[in-house]
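Student: Under the numbering used here, the first residue of the sequence shown is numbered 1, with each subsequent residue one higher.
Derived by calculation from the structure, the hints in this document are not laboratory data. Heads up, a few of these hints could be off.
Listed next, with one range per pair, are the computed distances between beta-carbon atoms [said to hold, decoys possible]:
(1) 37 with 60: 26 to 34 Å
(2) 104 with 53: 13 to 21 Å
(3) 60 with 98: 25 to 33 Å
(4) 98 with 63: 12 to 20 Å
(5) 116 with 82: 30 to 38 Å
(6) 40 with 63: 13 to 21 Å
(7) 55 with 97: 26 to 34 Å
(8) 64 with 89: 28 to 36 Å
On a predicted model such as this, the values are computed, not experimentally measured, just so you know. C-beta atoms are modelled at their ideal positions from N, C-alpha and C, and glycine is treated no differently.
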Amino acid sequence: MTNIHRNRRPSARLLMALPIAALALSLAACAGIGASQRPTQEELADGMAKIWEQNEATAGQFTDEQNDCLAEALIESDVSDQDLTNLANGEDRQTSVEARDLVSKTIGDAVKTCVTE
Numbered sequence: 001m002t003n004i005h006r007n008r009r010p011s012a013r014l015l016m017a018l019p020i021a022a023l024a025l026s027l028a029a030c031a032g033i034g035a036s037q038r039p040t041q042e043e044l045a046d047g048m049a050k051i052w053e054q055n056e057a058t059a060g061q062f063t064d065e066q067n068d069c070l071a072e073a074l075i076e077s078d079v080s081d082q083d084l085t086n087l088a089n090g091e092d093r094q095t096s097v098e099a100r101d102l103v104s105k106t107i108g109d110a111v112k113t114c115v116t117e
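Using the sequences provided together with the hints, build the complete structure.
Tutor: As structure tokens, this is what we get:
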């Protein structure tokens with residue numbers, strides 16, 4: 001009878017480990033859901049166009065080509081993926097004051113080359 005208990009014991013431990021392994025895999029998979037990725041230049045340009053149109057002072061001020069140029073500058077900058085994703089979603093919302101300042105500086109610098117008279 002001792003042999004029977006020894007044979008059952010490893011399989012019982014294995015069965016108890018399966019839910020734990022499944023939970024670990026689920027948590028690892030969930031970590032990727034909603035994680036921000038850098039948006040494409042096109043997504044960012046479209047989102048910025050929405051932001052410009054929502055503001056009376058900037059509505060109609062930038063052409064599609066200018067938005068593409070500004071988006072390219074932002075993509076190539078140190079602006080975080082999350083802040084770029086917010087912009088691509090048409091939300092002028094940054095994760096911190098420093099992030100807001102970086103977005104403003106990047107756009108301000110890019111306007112000098114992207115927007116010609």
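Student: Going through the earlier hints one by one, which of them does the structure break, listed in rising order?
Tutor: 4, 7 and 8
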